[in-house]
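Heads up: the sequence lines are chains U and B, in that order.
Taken in order, the first sequence gives residues 31 to 441; the numbers are from the working numbering.
Taken in order, the second sequence gives residues 133 to 434; the numbers are from the working numbering.
In case anyone wonders, no lab produced these hints; they're calculated from the structure.
It cannot be assumed that every hint is accurate.
To be verified - Derived pair list, reagent style SDA-like, types lysine to any residue, alpha-carbon separation capped at 25 Å:
1) K319/U with K282/B
2) K431/U with P257/U
3) K129/U with P214/B
4) K254/U with S223/U
5) K319/U with I398/B
6) K431/U with Y395/B
7) K282/B with P218/U
8) K282/B with S229/U
9) K431/U with E136/U
10) K96/U with S229/U
11) K283/U with L225/B
12) K283/U with G283/B
13) K283/U with H292/B
14) K283/U with Q210/B
15) K96/U with A178/U
16) K319/U with G283/B
17) K283/U with P145/B
Stated by the list, open to error - Pair by pair, the computed Cβ-Cβ distance ranges are:
18) E390/U with Q202/B: 50 to 60 Å
19) Y269/B with K129/U: 19 to 29 Å
20) I377/B with Q256/U: 56 to 66 Å
21) A215/U with Q202/B: 48 to 58 Å
To be verified - On the chain U side, residues computed to face chain B include the following (Cβ under 8 Å):
22) G165
23) N277
24) I286
25) K288
26) Y289
27) R303
28) P312
29) N387
30) T388
31) Q407
32) T408
33) Q430
34) V433
Beta carbons: idealized from backbone N, C-alpha and C, even for Gly.
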Amino acid sequence: MHRPHPRVRGIGAVAIVVAALALLVAGCGSSSKSSNTTGSTSKSGSGTSGLVPPTHGMAVPQSVGKGEGSLNLIAWEGYTLPDWVKPFEQQSGCTVHAKFAGTSSEMVSLMANGGGGQYDMVSASGDADLRLIYGGDVRPVNIDLIPAWKDFHPFLQNPSFNTIDGVHYGVSLQFGPNVLLYSTAALPAAPTSWSTIYSSQYSGKVSVPNNPIQIADAALYLSKTQPNLGITDPYELTQSQFDAAVNLLKQQKPLIKKYWNLASEEESLFQNREVVVGAAWPLQTGDLKKAGFPAADTIPSEGATGWADSWLLATKAPHPNCAYLWMQYISTPKPQAQQALSFGETPANSKACDVMNTLEKGGCARLHADKPDAYFQTIQFWKTPLAQCGNGNSDCVPFQKWVNAWTQITG
Amino acid sequence: MTIETARAGRAGPRAARISAALWRRPWLRGALTLSPALAWFLVIYLASLVVMLVTAFWSVDPFTNNLQHQLTLANFRQVFTPTYEHIIWRTVLLAALVTLTDAVLALPFAYFMARVASHRVRNLLFMGVLLPLWASYLARVYAWIVILTKGGTLNWAFRHVGLPEPNIGYTSTAMWLVFSYIWLPFMIIPVYTALERIPDSLIEASSDLGARNSRTLRGIVLPLALPGVVAGSIFTFSLTLGDFITPLLIGGTNSSLIGNVIYDNIGTANNLPFAAALAIIPIVIMTVYLLTARAFGAFEAM
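Based on the provided sequences and hints, a complete structural model is requested.
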């Protein structure tokens, strides 16, 4: 009756085999270490000594040649819809192959080793840009070859997330603010401060994104409410500033109903009356309004964080001419407007507004593309938090610590 | 065709020699038959485990996100800090609770199926148990969101019978409920198998010797059902231990499980070494669990 099953007795043997193989691989790992570390020290070495991107000296083309017939993109889903990709393929002769990435980190992984000679461009967000630039995965772009660039909003021409020391590593694409979304049924008057989601007024009826970059939102709020902390950039936090932001979020936790993972999730939280206020994207506001739910959004007095995406050029791009043709095309008003309306974001090209209104009545105002530059100045765009931050002391908290702290807050 | 094979066997002296050599060495015959499966097991299954084990001792350059191949214990030191210990305990506790709930639900149900129900009813019940497995896991979890949310079916029902609304959407209670529902079939089937195997003669002997039903239940049925319960618990326990979708969708603010932290460290932080170190914890827990289960003879009921 108590005969040990042979399969189970095997567990011990399997464990031994696994352990032995592990030792073997670990041995190989450390013996090949010398070659690996030389590669990585040269990278991180250049990073610490004055922060120079490894590819900053690469030559840029002075003119765009004939397309190579093909273009391989890593993109957010919805960024390469036929509406604006088809016309490009017809006029340039470059067939677009898009690979969708789910997260910024996935984009960084796919772009490892300069795109591996496989990918030409990536539609990276600000929280991935600096990782790609300082990782040597993307290379300088000659911005003079992109005529529409001069029509970009000034703050998106040389933003610090894709332009280092005057060298462009790509072109800005679209952006949007992280807004304060609220149910107008529960909050008849528009809230004016982010304190709405940090004070106990709406305890248990608040939802914020399940994303470590949310720490920057707390830091932005603290930069205005506790000026003695000396926060100037919510993505460049010293340990004490970081701790203050994390503390604020820990105090906020009992007020949270749920940290949302998907935009649709937050929408159903509002529709089910689980929450009445939260941090969101304009996308959710639009969707809720379309569904007939009484919702509105606002950028409170403290300002807001936001995201901005750029097309970056891979170091080992196999089709550089098609990549330049794509940058030229995607920066022009029509595709900018099409993508903005389809995805619910604001185009980088300031001339896209008219096209947006032609394509959808009031489309420009819906996505705040008609606002003056002062409005956009209130947005602090996502960028990778690095230890080597602007204060020259290299004592800022890097992104990995942000992730750990976020687990500590939400777990 | 048989004639042709036979002729081929006789006609080819080389084939005959090979066949004879194999006949003389049964271990070789076994090795050749097993080698494709064994190779698959070694390469796909064990090798990936090994890679994960090794990765757990590496680290990630915080700046470029490149793997650094120096051996370090930093990841394990981090796993054993209060934040992650707390999450590990929560995961184990939830897995244990779900297992217990499923065992309590499955025992009477499986007993009815195995020993009371007619053939027809038994088939219908089998269908009932297995039917939910035909639907997507996601669809079933979303269905529970609709039930448990504030404006959902559960609150509606409580309100209509005049009870206070339970409001358990997006809480750990909701997670426990959903997990217990989703993994229940994996408990019922092994328990049913164990109960069905109990010879009628044992139960008859028990009552012939004057034991009441409760005594028979305690002395005969439960001990013989135990290996089935343990076998089922391996499924319910390990499936809960590794899940991250249900906490993501239906959990509240205190609902991160080991799987969620692994997911975050891969998806958001791209910190594979730490994720690997964390992934070793469920493996260790399951190894201990399996060895304990073996002591209960669980593997004979599978």
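To see whether the hints hold, each was checked on the structure:
Our distance criterion of 25 Å between C-alpha atoms is met by K319/U and K282/B, whose separation comes to about 21 Å. For a cut-off of 25 Å, the pair hint linking K431/U to P257/U stands: about 24 Å separates their Cα positions. For the proposed pair K129/U and P214/B, the alpha carbon gap of about 39 Å is over 25 Å, so the pair is violated. A threshold of 25 Å between alpha carbons decides the hint, and for K254/U with S223/U the separation of about 10 Å falls inside it, so the pair holds.
Our distance criterion of 25 Å between C-alpha atoms is broken by K319/U and I398/B, whose separation comes to about 35 Å. A distance of roughly 16 Å separates the Cα atoms of K431/U and Y395/B; the hinted pair therefore holds under the 25 Å criterion. At most 25 Å may separate the alpha-carbon atoms for a hinted pair to count; K282/B and P218/U meet this at roughly 22 Å. For the proposed pair K282/B and S229/U, the alpha carbon gap of about 22 Å is at most 25 Å, so the pair holds.
Simply put, K431/U and E136/U have alpha-carbon atoms about 19 Å apart, close enough for the 25 Å limit, and the pair holds. With a CA separation close to 59 Å, the supplied pair K96/U and S229/U exceeds the 25 Å bound. Restraint check: the Cα-Cα separation between K283/U and L225/B comes to about 22 Å, which is no more than 25 Å; the hinted pair holds. The straight-line distance between the Cα atoms of K283/U and G283/B is roughly 23 Å, inside the 25 Å bound, and the hint therefore holds.
Distance hint between K283/U and H292/B is unfulfilled; the C-alpha atoms sit about 32 Å from each other, more than 25 Å. The hinted pair formed by K283/U and Q210/B meets the criterion: a straight-line CA distance of about 23 Å does not exceed 25 Å. Of the pairs offered as hints, the one joining K96/U and A178/U holds, with about 20 Å between alpha carbons and a cut-off of 25 Å not exceeded. In summary, the hint linking K319/U to G283/B is supported, as the alpha carbons are separated by about 19 Å, within the 25 Å threshold.
Between the alpha carbons of K283/U and P145/B the distance comes to roughly 80 Å, so the proposed pair goes past 25 Å and is violated. Between E390/U and Q202/B the beta carbon distance is about 55 Å. The supplied range of 50 to 60 Å therefore holds. The given range of 19 to 29 Å is respected by Y269/B and K129/U, whose C-beta atoms sit roughly 26 Å from each other. The hinted window of 56 to 66 Å between I377/B and Q256/U is violated, with their beta carbons roughly 38 Å apart.
A hinted range of 48 to 58 Å for the beta carbons of A215/U and Q202/B is consistent with their spacing of about 57 Å. Hint on G165/U holds. Least Cβ distance to chain B is approximately 4 Å, under the 8 Å limit. Given hint, N277/U at the interface with chain B, is violated; its Cβ is 15 Å from that chain's nearest Cβ, farther than 8 Å. With its C-beta approaching chain B no nearer than about 5 Å, I286/U sits inside the 8 Å limit, and its interface hint holds.
Satisfaction of the interface hint for K288/U is found here, the shortest Cβ-Cβ separation to chain B being roughly 5 Å, below the 8 Å cut-off. For Y289/U, the suggested interface contact is upheld, since its CB lies about 7 Å from the closest CB of chain B, less than 8 Å. Taken as an interface hint, R303/U checks out: its beta carbon lies about 5 Å from the nearest beta carbon of chain B, inside 8 Å. With its C-beta approaching chain B no nearer than about 22 Å, P312/U sits outside the 8 Å limit, and its interface hint is violated.
At a threshold of 8 Å, the smallest CB-CB gap from N387/U to chain B is about 37 Å, leaving the interface hint violated. Interface hint at T388/U: violated, since its Cβ lies 38 Å from the closest Cβ of chain B, which is beyond the 8 Å cut-off. A cut of 8 Å between beta carbons decides the hint on Q407/U: the least distance to chain B is about 28 Å, and the hint is violated. Taken as an interface hint, T408/U does not check out: its beta carbon lies about 26 Å from the nearest beta carbon of chain B, beyond 8 Å.
The interface hint given for Q430/U holds, since its Cβ lies 5 Å from the closest Cβ of chain B, which is under the 8 Å cut-off. A distance limit of 8 Å between C-beta atoms decides the matter here; for V433/U the minimum to chain B is near 4 Å, and the interface restraint holds.
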